[in-house]
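Residue numbers (numbering that gives the first Met the number 0), protein chains in the order written: chain V, 0 to 339; chain U, 0 to 339; chain S, 0 to 339; chain D, 0 to 339; chain H, 0 to 339; chain P, 0 to 339.
Hints should not be assumed to be uniformly reliable.
[What the hints assert, rightly or not] Examples of chain H residues toward chain U, derived with CB under 7 Å:
#, residue
1, D22
2, S26
3, F27
4, V29
5, F89
6, E206
[Claimed, not checked] Footprint (simulated), chain V over chain U, 3 or more residues, beta carbon under 8 Å:
#, stretch
7, 146 to 157
8, 239 to 252
Worth flagging that the hints you see were computed from the coordinates, not collected in a lab. What you are looking at is a predicted structure, and each value in this text was computed from that prediction instead of being measured. Where is the CB? At the ideal position from N, CA and C, for every residue including glycine.
Protein chains: 6
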Amino acid sequence: MTKVVTFGEILMRMSPPNNLMYDQASSFDVTYGGGEFNVAASLVNYGIEADFITILPQNPIAECAINTIKNYGVGYKNILRKGNRIGIYFLENGIANRNSKVVYDRTNSSISQIKKGDIDWKLVFKDADWFHWSGITPALSKTAAEVCLEATETASKMGLTISTDLNYRSKLWNYGKHPKELIPKLLAYSNVILSDIDTARFMLGLEKIYPDYANDILIKENFEQLKKMLPNARTIAMTVRNCISASHYKIGGLLYKDNTLYRAKKHDVNPVLDRVGSGDAFMAGLLYGLVKFPDNLQKVVSFATGTCVLKHSIFGDINRVTKEEVLNFINTNGSAKVDR
Amino acid sequence: MTKVVTFGEILMRMSPPNNLMYDQASSFDVTYGGGEFNVAASLVNYGIEADFITILPQNPIAECAINTIKNYGVGYKNILRKGNRIGIYFLENGIANRNSKVVYDRTNSSISQIKKGDIDWKLVFKDADWFHWSGITPALSKTAAEVCLEATETASKMGLTISTDLNYRSKLWNYGKHPKELIPKLLAYSNVILSDIDTARFMLGLEKIYPDYANDILIKENFEQLKKMLPNARTIAMTVRNCISASHYKIGGLLYKDNTLYRAKKHDVNPVLDRVGSGDAFMAGLLYGLVKFPDNLQKVVSFATGTCVLKHSIFGDINRVTKEEVLNFINTNGSAKVDR
Amino acid sequence: MTKVVTFGEILMRMSPPNNLMYDQASSFDVTYGGGEFNVAASLVNYGIEADFITILPQNPIAECAINTIKNYGVGYKNILRKGNRIGIYFLENGIANRNSKVVYDRTNSSISQIKKGDIDWKLVFKDADWFHWSGITPALSKTAAEVCLEATETASKMGLTISTDLNYRSKLWNYGKHPKELIPKLLAYSNVILSDIDTARFMLGLEKIYPDYANDILIKENFEQLKKMLPNARTIAMTVRNCISASHYKIGGLLYKDNTLYRAKKHDVNPVLDRVGSGDAFMAGLLYGLVKFPDNLQKVVSFATGTCVLKHSIFGDINRVTKEEVLNFINTNGSAKVDR
Amino acid sequence: MTKVVTFGEILMRMSPPNNLMYDQASSFDVTYGGGEFNVAASLVNYGIEADFITILPQNPIAECAINTIKNYGVGYKNILRKGNRIGIYFLENGIANRNSKVVYDRTNSSISQIKKGDIDWKLVFKDADWFHWSGITPALSKTAAEVCLEATETASKMGLTISTDLNYRSKLWNYGKHPKELIPKLLAYSNVILSDIDTARFMLGLEKIYPDYANDILIKENFEQLKKMLPNARTIAMTVRNCISASHYKIGGLLYKDNTLYRAKKHDVNPVLDRVGSGDAFMAGLLYGLVKFPDNLQKVVSFATGTCVLKHSIFGDINRVTKEEVLNFINTNGSAKVDR
Amino acid sequence: MTKVVTFGEILMRMSPPNNLMYDQASSFDVTYGGGEFNVAASLVNYGIEADFITILPQNPIAECAINTIKNYGVGYKNILRKGNRIGIYFLENGIANRNSKVVYDRTNSSISQIKKGDIDWKLVFKDADWFHWSGITPALSKTAAEVCLEATETASKMGLTISTDLNYRSKLWNYGKHPKELIPKLLAYSNVILSDIDTARFMLGLEKIYPDYANDILIKENFEQLKKMLPNARTIAMTVRNCISASHYKIGGLLYKDNTLYRAKKHDVNPVLDRVGSGDAFMAGLLYGLVKFPDNLQKVVSFATGTCVLKHSIFGDINRVTKEEVLNFINTNGSAKVDR
Amino acid sequence: MTKVVTFGEILMRMSPPNNLMYDQASSFDVTYGGGEFNVAASLVNYGIEADFITILPQNPIAECAINTIKNYGVGYKNILRKGNRIGIYFLENGIANRNSKVVYDRTNSSISQIKKGDIDWKLVFKDADWFHWSGITPALSKTAAEVCLEATETASKMGLTISTDLNYRSKLWNYGKHPKELIPKLLAYSNVILSDIDTARFMLGLEKIYPDYANDILIKENFEQLKKMLPNARTIAMTVRNCISASHYKIGGLLYKDNTLYRAKKHDVNPVLDRVGSGDAFMAGLLYGLVKFPDNLQKVVSFATGTCVLKHSIFGDINRVTKEEVLNFINTNGSAKVDR
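Whole structure, please, built from the sequences with the hints as guidance.
Structure (structure tokens):
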């Protein structure tokens, strides 16, 4: 039985209902989520034990976040309670030709003020097999980046598999460093890497760009270039997202291992109910696949992509479909019958 | 003036709002509907008198169902009030690549405990010209199947036209019989049959299957095969539904009479607001057409298909568009202007 | 700095939520809007000063309309308060194959009872550069048509640019005149004309019709014909709307000036969140473009069309996107990324 | 079996939800009601047949009102469909120390433009035993007052019992007459009169006023004075309402017949969920009592008062409690147990 | 550390929002609760470990109930998954003078079909110190009553403290037995009994009745009489509820042990937000007090009563206030300041 | 004509709807308010010009706050746009015996990082007659306290009347100073002081306490003691609030000037719809009264108290009743009739 630990920030998410703009809404829908927690919740949903590590303040709003973690069955015992505030983000959901807008209000959140030594990583990783973190956390603050390094070093020493979702957020990374200065160093320990093409380009300086999804040669060149920069990365995956409009995406996925490229079918997603967390869903699907059917990498990338596709039809940050539903989706290519 | 009697179950329907999943919703939208009632309500809406026969318990929730029947102008005077409970079904509305999910909670509903003799069919059919029932009712219980036979025999003797929608529900039919043992016997009296291709295959053992909507020869072979099994069926119709996703269907319709095949234009339905009851809408459109313009069978199948298409844009089980709107839709092919 | 004055009716708009039909809703969403006010609000949003002239009664509901005007930053100081009632319209939002339905309840609204002399146009137009009115106002009543003439004559004398949106509403125009008797006379002063092809045909008797958007020669013939009828119209624009369904439009735009035709790219709008006011958004975009970049008429028509397209994604009558968002949309052709 | 006919206006009612003020609400709750219709609906609820006479326009909003009438089981076959509009009223629900506010938008409603001869009263009153009208209708317009007289004269000739609720609305009565000029003449035919003390004072010029509910002598003097002015009034009743705040009332009732005064217990109503229609509920309770237990006038006034009290706990204009619930309430003095 | 096991039914609860009546609501609020689960959830909230034993079917609606149990931190590992359906109850919330109405739809629920041997009570009670059940469970079915006996016998043998809330529901108990035939036998093992006065009278045949809360002598006679019938009952408690209206209660509590009567202050509860589960809250408070401060019985009854009072201000079946809030409430007598 | 300037923080307020607890709500109602802004908005509502000074960041959420300020007609031109974030507070509305809970999330808000020199007070106070600030602002940060001093010194020099609401918030004041060290120094310039008794005791060290509202002598001693500490305070007022429960208050008001005590009638407020901002409403009423009828101090205190009472019936932070409604309330003592 695999046990996964994920580390990062869980935020309060506020969004105007019914595709209203911020200033039109007299109430905001409230949920809680965050990249690394979303991965943990999705894994528990698939039957894999997962623990989430973060710092949250002592107040009733943070309590709501704790309850969300509990409700998804994710381990919360090692969460620290201190500091000023829980991070918040506002999400104005776009529709048709109007894009979504995110406003972050994460400054001075408890987790951004984390310091080395705050978390007892040896205790955290006891009994764990896998550690997952993402590029969001080192963007929060200098000390958060330091703790990422502390965590990966410990995890590596203790023999855990380490996975990372690059997850670039341009509105964070404000403390004076370009990701390129930090990220490659932090990724040195990572065995599984997830990115999308723009993030890889920006955070790692990837040079090539594949012009279309069908061109195997160019795509492989990209992956080979990435592979060279990431010595321990045995598996590299990419989400591919074509945005026809804010309501219509085409979603595909790529996986590269041992010089072989695996490619999932591209799916239409129309309409998009909620796009936040779809990358985290992919990550969880990837991780689940690598644990459960590591010898069938085509199935792994199809499963991860299927999870990602289905996440777009679920309100909130977190994938809630079962693994059976994903398998059924990729097997039947999603027949839309009412089951009755 | 035609008077139609329909017989079956009316259920409470509960569904999470805004495409939420069951566990995400803190309230459920409540409506009332059921295949045979939906047909009656749609007919009254089109100006044809209709009575609905069922059994409902004596409690305030069943009272809400009675009020729904009243509000649609459907005759309710012959409804029996006894037994334990009204059937319930839960509907999780799918969207994009996530399918809808139905949970039935119909066990021991008042109507499932119906027995021969409970309904005075001679009284019920007095002044009536048409009797409609569906394949859902004999699936409820052995005694319900017996009452279907009792009703059809009486209706037949009294000279009523009998129509049947096969309407297969895999989650019912739990009492030890396969539909094939019962359904052909029950259908012996039916003059008008509605089915979709999968139901016909399953409930009647139809062997051929038409590979595409445009292939007249194969389609006709199917209908001829059906015709042989159903001695009294003068008119056989089929709904054709391609599910691109849970939000996008293509809807067509076929009608077969006197060895002639009539085919309605296929329409895109996107997005699907509510797909439940669209087959019942087709049935009502078919019945209306056969009564009002029996000599124009092309118009009949177009009208039935148009009703079915438009139903997908209406919340709840029941078609609420006027006949003028359907005619306008099939004539103009649905120009989407705001009328102002 | 340009100051625009618009004149017309602001109405209370009531619409069933969630695409319900009128009779299914137990609450109606309430907003306030009206063609000429919508133009003013959109212009203020783009940074151009605008005043709105109307008549509203003295009651708390009219107060809500006044507050809407205030909240959009539109000048309201010259609004008269008298008469019986604010006009109301009900809007049932269509979806997929079911069309929207508008019910007007504007009879005897305060503005419809306006009389010559009620408004001190000289005062109103002091410091103003531009006067905008639409074909809705003369449809309200004979006296309203007279005041339109009074206003345009004064504006013309005072040297203002005059723009008109023909905006035909078949459900108004009930007081015994066909628009053709009045409209050409009223348009004699207009320098900028907006219409769609059907309106132009009906209200002006346009004879030619362009069969497709790509046929330059026929389109130009139409514009030339229009030009002949409208001696002062230096700029004529048209919105082009293909309605695939109530949820899916294709929107384009044409501008004709100095014998040259400018054409904006056609955009898919899917789904349509709210189509009311999209013509007013085009008008405001056109006006903004003519004021801010009069020498780049291609950009003007693209900007107007982009405004119109984006309006379809905003609840309520009024365009709320910024000019930067429109420019970004027409430059990037609407990439649908979440900005975070 | 008694059959009652009531005549008046049914209006669309719009009110901000959750005790918001008009300008704070982005949606309004929609219901339909009107004094005389409310009486009819309440009577049908109690098992007495009732018909409602009014005029409504031909549009989908009026259709919603028709459906409301249908849904309550009230006869609607003699309703005329013509004219411009359905009357509307807006209701801002007060709470605690903030009072409710009503805005009428009834001008030019279809019913206000009624003329003598529009209704075939002989047909309407065929099979009827009782005619009920209220002081609201003659306030609508001069012609509406004339039709009231026409109706009462016909009803009187045809031997119907006539009841009237004085129901003064200061915001109506704008067409140049003081009620005192009209009302006594109209009341000449009425056998049952309902009023509250302020209305009686204003519309009939009642001079005495009872200083407290317990003072029999003064109260009786009031009734005797009334009696003298109303030659045919065999039964006179009064609702007594003490408003502690917008959320807390004390409700009592008085009935005077054959020189005897009957007085119902005063009840606390706290909180008031919806006070509109509580007088109509009293009227219906009074009428029901006079028909069903005319010899027990103490029970009649208690039943009417109980209906009135319970109406305050029901959303919308219309009393929906059963007669059994009213009887249980007056017998047990309202024990507030959950029945389970 | 104490561990409590409770056994019973968890139901889906559906109630119209905003004090609407059943037939007025187009959506129902959905929560999950049930007497014995409510006690367990409240105990976990107070920091005492608790397990809940029940039977639920395998379907997505039952999954929602399981999630509720999980979310409250109550142990759910020993819950059986089989049978047809989860029990449902409908709750129409009364207000002011209109009472609440409950409709049960529990027939054939999975738990009602429980049989001896279904639950491995020895496993369930391993590590447990306390077993709690209520009078609702034996009312469900004959076999459920048998399992109650099976459970209490095992618990008793294994040395657990047993508590019982008599909890009479007149709408259950339909299988042919009067509670008096069963209940005393089942109570023989109970050490802690909770009842209200009416239930004690009905289910045990209590003869005396205390006429007022202040009369010590009569109250004690009641308790002594009870004590004689219940040989193992060391602690007997009573909730006292005066219902001024559906919105206003007065709540007190009594505890009787070792011939001594303890009485909590009576509190006004106004308005009542949600009265369901307030008895269960009392029970949990009682149990908590008996475990945590057994030597201060005055504090125990005050704490139980305070919990009960505060529960009335919380939506849903389950008490969610902390023990600190209860203590603060009983110490300060509930100062209603905003803490900021 | 008086022009008032107020200075402080405007916050985003988020509160669960329908008296739900934080963790029960899936959406939060959103409004914007803050003590000093609330005073300004209330004054504009009463017809007095007012400007609000604060600092807000550049983001769409702060834009919503700006729009709120605009919508209330308060001057916003001198508001600075910089810094990280808008302050947020969460409000869980209590009911009956459960108290409200406020969670502040104001740390590092833009206004808390204000520095001397940020605001050009000479410009701000040009044309102004009155400056209002409150005890909340110096609690935000050391620099905010310094700016308060800077503002009061400038206002004083420029001859403005200065008013202060002491407004103690225990959850703020975290930067190492007790209010007593700062507040008296800051109050040296204030001419009008508002407090409640607890705040006065805490922030100024008031020794006496009046035991009941009716004891003139003790109350006057309190005021005299205050007067001695506040050399420039010509007028001192107090709000008196008895909290019967979270839903029921009794509200009174006191005013002390020239050694004379004026006392307003105490009013019951039941139920309390929204208590936030009621002190600010009192302050605005006080200020309005002192400006408009300074010679009738009894009317001043009654008006301020009436405003405060009525605010409790309005959702959101801000008083929206007109001055006519307040006058009517204090004259009629709040008759709760529907005006129709």
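Go through the hint on H/S26 and say holds or violated, using the shortest Cβ distance to chain U against 7 Å.
5 Å, holds
Per-residue hint verdict: H/D22, partner chain U, C-beta under 7 Å:
Check passed: Cβ of H/D22 comes within 5 Å of chain U, closer than 7 Å.
Agreement of hint H/E206 with chain U interface, Cβ distance less than 7 Å
Violated, because the Cβ-Cβ distance from H/E206 to chain U comes to roughly 35 Å (cut-off 7 Å).
Do at least three Cβ atoms from the stretch 146 to 157 of chain U come closer than 8 Å to Cβ atoms of chain V?
violated (count 0)
Are three or more residues of the stretch 239 to 252 of chain U within 8 Å, CB to CB, of chain V?
holds (count 7)
Does the closest beta carbon of chain U sit nearer than 7 Å to the beta carbon of H/F27?
5 Å, holds
Under the criterion of a CB-CB separation shorter than 7 Å, is H/F89 in contact with chain U as hinted?
6 Å, holds
Hint validity - H/V29 Cβ closer than 7 Å to any chain U Cβ
Hint holds; H/V29 Cβ to chain U Cβ min 5 Å, cut 7 Å.
Figure legend: structure checked against the earlier numbered hints; hints not met, in rising order: 6 and 7.
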